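Residue numbers (the working numbering): 1 to 288.
If you are wondering where the hints come from, they were derived from the structure by calculation, not from laboratory data.
Careful: at least some of the hints might be erroneous.
Claimed, not checked - SDA-like mimics (lysine to any residue), calculated; alpha carbons at most 25 Å apart, straight line:
hint, residue 1, residue 2
1, K131, N179
2, K124, M37
3, K150, N60
4, K49, T13
5, K150, F288
6, K150, L287
7, K150, S172
8, K124, N179
9, K143, K240
10, K131, A149
To be verified - Label-pair ranges, simulated between beta-carbon atoms:
hint, residue 1, residue 2, range
11, A283, T101, 43 to 53 Å
12, T160, G231, 34 to 44 Å
13, K100, E146, 27 to 37 Å
The structure displayed is predicted, hence computed values, not measured ones.
Idealized CB from N, CA, C, for every residue including glycine.
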Amino acid sequence: GWTGGSRTEVTETFKTNPVSVAIFAYDVLDIIDTVGMDQTSIKLLGIPKSNIPNYLSSYNNDDVMNVGTLFIPDWDALDLFIPDLIIIGGRSAGAYDQLKTNYPDADILDVTSVQGEYLESLTKNANNLAKIFPSVATEIENKLTEITAKLTTIKTSTQTHSALFVMVNGESLSFYGPNGRFAALYDEFGFMPADANAEEGGSHGNVIGYEYVAAVNPEILFLLDRGAAIGGSSTIDQVKANQLILGTQAGTNNMIFTLDPIAWYISAGGFQSTEQMIEDIEAVIQLF
């Protein structure tokens, strides 16, 4: 075993090669899927099936148990499952104490990413998974090295360019700044914030109007459609057609980009999701 877990108070020894594993974080499912679920010790898998990202839809089958939602475990299902390992993320982190109480024999790994530390969190989570599943440790390390190298390369092109990040949610727009939930745009991908005075975008962002976007007048505008991310209706085309948006530098110079909503919003922190984020940004760099 090894000692770890992202909660500082977790000191118990984790068992390697767990057989029954419940995963409440799609970024972890993504990482294990990348290196090969069948190459690990996992024989019984449980996940929340309600909002599985399309690229992981192969896990929506009868061999995989539905263990609740991304927010709340289905306790009856987990009781039957008898997990060796339970992995929780940002949305399910609140269940930690109850899981500890109900399943004293299970190891519980909290992979919640720290806001503003995208690559650090991804690295820590991947390294923890490499310790739990030694058979895929090399593949995990290689993928991590590859992703880190790509991000380093991207930064050399982006750091002289400024960008604004806006989430579209139905009729409303939310701004996320350099310290918010999507800080990776500035930290990992290296853009300068278009609004230098922007304080916090938190995990919910600050509600803004079209006038705000026009006033900031960003060189590059990134849009993320939350409706599309959670299976609702997409409203991104209306936003792109707005005259105030079209009047910005980004609008005039054709520098308005739609980010992949699943990769950035639902499963951020995985290998495949990060590769998709990288592709989204590489498409922008080609136009510099």
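Subject >> In rising order, the numbers of the hints this structure does not comply with >> reply: Checked against the structure, the hints that fail are numbers 1, 3, 4, 7, 9, while the rest are satisfied.
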